[in-house]
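K.L.:
Next come the chains, spelled out residue by residue.
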Amino acid sequence: MRIQINICTTFNPNYDQMNQKLFEQLQQDGLISDASFANIKMTQEHSLLSVHREIKTFLYLGVLLLSGGIGILVYKNIDTIGHQLILLFIALICSGCFFYCFKNKRAFSIGKVIAPNSLFDYILLLACCTFVIFIGYLQFQYEVFGNRYGLATFFPMVVLFFSAYYFDHLGVLSMAIVNLAGWLGITVTPISVLTANDFANSRIIFTGLVLGVLLITMAWATRKRKIKHHFELTYANFGTHILLISCLAAMFHFDAVYLIWFLLLAALVVYFYSKAMADKSFYFILITTFYAYIGISYIVFQLLDKMVGIDITMLYLWFLYFIISGICLIVFLMRTNKKIKAI
Amino acid sequence: MIAYSPSAIHNLFVREQAAEALGQQCLPQAEYEAILTRFPVIFYSPNLFIRIGLLVLTLVISLFSFGIGVLIFKASSDKFLAGLAIFFALLAYAALEYMVKSNKHFRSGVDDALLWGAAGALFGGISYITKADNLSNGILIFMIALYSTFRFADRLMSFVAFIALMGVVFFASIKLSVSVKTFLPFLIMGVAALVYFAVKRLKSFTDNHLYEQCLKIVSIASMLGFYAGGNYFIVREFSNELFNLHLAAGDSIPFGWLFWALTLIIPVICLCRGIQKRNSVKIRIGLLMMVAIFFTVRYYHTILAIEVWMSLGGVVLILSAFGLTHYLKSPKHGYTNIDSGSANAPAKSQVESLIISSTFNSQPANSDGSKFGGGDFGGGGSSGEF
Numbered sequence: 455m456r457i458q459i460n461i462c463t464t465f466n467p468n469y470d471q472m473n474q475k476l477f478e479q480l481q482q483d484g485l486i487s488d489a490s491f492a493n494i495k496m497t498q499e500h501s502l503l504s505v506h507r508e509i510k511t512f513l514y515l516g517v518l519l520l521s522g523g524i525g526i527l528v529y530k531n532i533d534t535i536g537h538q539l540i541l542l543f544i545a546l547i548c549s550g551c552f553f554y555c556f557k558n559k560r561a562f563s564i565g566k567v568i569a570p571n572s573l574f575d576y577i578l579l580l581a582c583c584t585f586v587i588f589i590g591y592l593q594f595q596y597e598v599f600g601n602r603y604g605l606a607t608f609f610p611m612v613v614l615f616f617s618a619y620y621f622d623h624l625g626v627l628s629m630a631i632v633n634l635a636g637w638l639g640i641t642v643t644p645i646s647v648l649t650a651n652d653f654a655n656s657r658i659i660f661t662g663l664v665l666g667v668l669l670i671t672m673a674w675a676t677r678k679r680k681i682k683h684h685f686e687l688t689y690a691n692f693g694t695h696i697l698l699i700s701c702l703a704a705m706f707h708f709d710a711v712y713l714i715w716f717l718l719l720a721a722l723v724v725y726f727y728s729k730a731m732a733d734k735s736f737y738f739i740l741i742t743t744f745y746a747y748i749g750i751s752y753i754v755f756q757l758l759d760k761m762v763g764i765d766i767t768m769l770y771l772w773f774l775y776f777i778i779s780g781i782c783l784i785v786f787l788m789r790t791n792k793k794i795k796a797i
Numbered sequence: 035m036i037a038y039s040p041s042a043i044h045n046l047f048v049r050e051q052a053a054e055a056l057g058q059q060c061l062p063q064a065e066y067e068a069i070l071t072r073f074p075v076i077f078y079s080p081n082l083f084i085r086i087g088l089l090v091l092t093l094v095i096s097l098f099s100f101g102i103g104v105l106i107f108k109a110s111s112d113k114f115l116a117g118l119a120i121f122f123a124l125l126a127y128a129a130l131e132y133m134v135k136s137n138k139h140f141r142s143g144v145d146d147a148l149l150w151g152a153a154g155a156l157f158g159g160i161s162y163i164t165k166a167d168n169l170s171n172g173i174l175i176f177m178i179a180l181y182s183t184f185r186f187a188d189r190l191m192s193f194v195a196f197i198a199l200m201g202v203v204f205f206a207s208i209k210l211s212v213s214v215k216t217f218l219p220f221l222i223m224g225v226a227a228l229v230y231f232a233v234k235r236l237k238s239f240t241d242n243h244l245y246e247q248c249l250k251i252v253s254i255a256s257m258l259g260f261y262a263g264g265n266y267f268i269v270r271e272f273s274n275e276l277f278n279l280h281l282a283a284g285d286s287i288p289f290g291w292l293f294w295a296l297t298l299i300i301p302v303i304c305l306c307r308g309i310q311k312r313n314s315v316k317i318r319i320g321l322l323m324m325v326a327i328f329f330t331v332r333y334y335h336t337i338l339a340i341e342v343w344m345s346l347g348g349v350v351l352i353l354s355a356f357g358l359t360h361y362l363k364s365p366k367h368g369y370t371n372i373d374s375g376s377a378n379a380p381a382k383s384q385v386e387s388l389i390i391s392s393t394f395n396s397q398p399a400n401s402d403g404s405k406f407g408g409g410d411f412g413g414g415g416s417s418g419e420f
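Sequence lines, in order, name chains A and B. Following the working numbering, the residues of the first sequence are numbered contiguously, the last one being 797. Following the working numbering, the residues of the second sequence are numbered contiguously, the last one being 420.
Derived from the structure by calculation, the hints contain no laboratory data. Incorrect hints may have been included.
Taking CB as the label site, the calculated pair distances span [claimed, not checked]:
hint	chain 1	residue 1	chain 2	residue 2	range
1	B	K311	A	F562	42 to 48 Å
2	B	R307	A	N558	35 to 41 Å
3	A	G536	B	G224	53 to 59 Å
4	B	G154	A	Q479	39 to 45 Å
Sample of chain A residues with no beta-carbon within 10 Å of chain B, all distances over it, derived [as the list claims (entries may be wrong)]:
hint	residue
5	K559
6	S563
7	Y596
8	L702
9	V723
Quick reminder that beta carbons are idealized off the backbone N, C-alpha and C, glycines included.
With the rest of the complex left out, here is chain A:
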């Protein structure tokens, strides 16, 4: 699958208006038929302004604010309002939303199911968020899962995965994957994957490797078995990042045997690169290239360190390395771009 985002239409809302004067010219040049021109003219005159994006933004912000607000409300009033009352309130929202989803959902299919209306996705999102809050609150206050903290994350995770598949929701799937990682003890949200994890801890590194392999396997199986094939990209995205980051972390951490980890990294990069080429995915090309670049730079740094030692010559070589390798990578990326476009 290809990720292409048109910056122009995203930031220039009126960009997608058709210029009538231009099409008049094209018609006079004989490039478009009279029928097409009449068509364009009519579409333009009867053009409607779509507020679809605005409505979606309202929904997204609404759900975000509401679930965030409830979260803080619960946190602050934990001692004043009765616990049962708060729980009841959250449970009401949660069950109400789930009820709406069950009532309005389209029939399940292992292919892609398009949401029945534009509200549906956000109601489901609210349902899932409030559910997670509900479970967290239950555990915090009543310790229903006792000391089995794993269970307190495992249970919501199962519900999230179920909801993602049953109602076909990519956002909930991402939440489920984040939860799966949390259950294993690491953070994988795009913003905090590098900051929230202690990659100097070998257990975190191995967990990351296992999780990465698991997610990549899921991506592979998703495509192979054609079960919700559009979920593949989400799995692959999380999997690729966490696997390659963990591999790099392993290389830095176990620096006595870093070459072994580098070989693993190289193998992974070759695999991801060939997969990205086959899928014509510019995004995966870019990220694998950058992870590989970090790995190679580390090797070069180690070699330079051993050969030259730390002095001014090393600084020169180091700077030269970045300039030369940067130019090489630019040429490489440009060639790859050409190759993909030619396929």
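Dock chain B against chain A, hints included.
P.N.:
Just chain B now, with coordinates in the frame of chain A:
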């Protein structure tokens, strides 16, 4: 003035328009392809992700080249360093011109990086050597950004040029006289309004659609600047800070009521005009300003806790979305709720899912990693089920 040949830009524009017409099913495929062959692209503009990669790499190369330069010349004094920065800015600019002229780079990442690198280094170097104050810095930025806008039609540069212009007006008026401070907000608003109407006029003068894009950005910026100039929070805090008014918490500024009125009225006018004229830019800016109203009022009058507002706001937003969806089931008054940009839908939903996963707290509160110490992976972890 512009670095790209007008016919090449025109071709780009025609292709985009044709793609739009094709997407709206107004144009048969055969005619679309005929247009594509008649209007070829000569530019090198790679895919967005490759562009990001090229941008980062070009910046890396430029930075380390500068580093080598510093090492070779053993630049010890700051002055020398600044001179070197100017020299490198000129080098980068020469490279940029070369890339654009002979390699036809256009929004390729390489040209973006060289343009911004050159502009940044030039500004830093000159500003340091001349020990420029706020006003001359503003003028310098304005000149560099304006030149870049004209030469390379860079949209972000046009935005920077507008901000710098505002800065110049601001610092110049402070410097000119002390008495101006009461009128400063009106001056800012006046200049922003002037820019807005000037842009409106300029739009009919240019048929270069790259410039049109820049003008659109400037017009959006000028609307926001106009509002910022009259916003109570900005006026009060800025003048308190700059003119040492020593305002106590409850004190108001001269003409406080007027700024409150502006804070409240401008967004409503903007939104209403947008809805009336079916101008989505104005609608969005109006909505943005509405949010600004909330924060301004809330900053001075703390009614209800923030989480109550969050929850209430959430409910209001969801309900209004619900109402709008219901109202627009069939198109009314020229408005519709049909997803117009469905071509990028898969990519958009992917990006959306990533945003969701990073903005929603999807794990129960007590699931922080520390609880998992000692390799206890908790109940029944059967990864085989996936």
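K.L.:
Does each hint hold? Answer for all of them.
P.N.:
Now for the hints, and whether the structure bears them out:
1. The beta-carbon spacing between K311(B) and F562(A), approximately 45 Å, falls within the hinted interval of 42 to 48 Å.
2. Here the CB-CB span from R307(B) to N558(A) is close to 37 Å, well matched to the stated 35 to 41 Å.
3. Against the hinted window of 53 to 59 Å, the Cβ-Cβ separation of G536(A) and G224(B) comes to about 57 Å, which satisfies the hint.
4. Take G154(B) and Q479(A): their Cβ atoms lie about 41 Å apart, and the range 39 to 45 Å holds.
5. Distance check on K559(A): its Cβ is at least 17 Å (rounded) from any Cβ of chain B, clearing the 10 Å threshold; non-interface status holds.
6. The claim that S563(A) is not at the interface with chain B holds, since no C-beta of that chain comes within 10 Å of its own (minimum 17 Å).
7. Under the 10 Å C-beta cut-off, the non-interface status given to Y596(A) relative to chain B holds; the minimum distance is some 12 Å.
8. No beta-carbon of chain B comes within 10 Å of the beta-carbon of L702(A); the shortest separation is about 17 Å.
9. Look at V723(A): its CB is around 15 Å from the nearest CB on chain B, clear of 10 Å, so calling it non-interface holds up.
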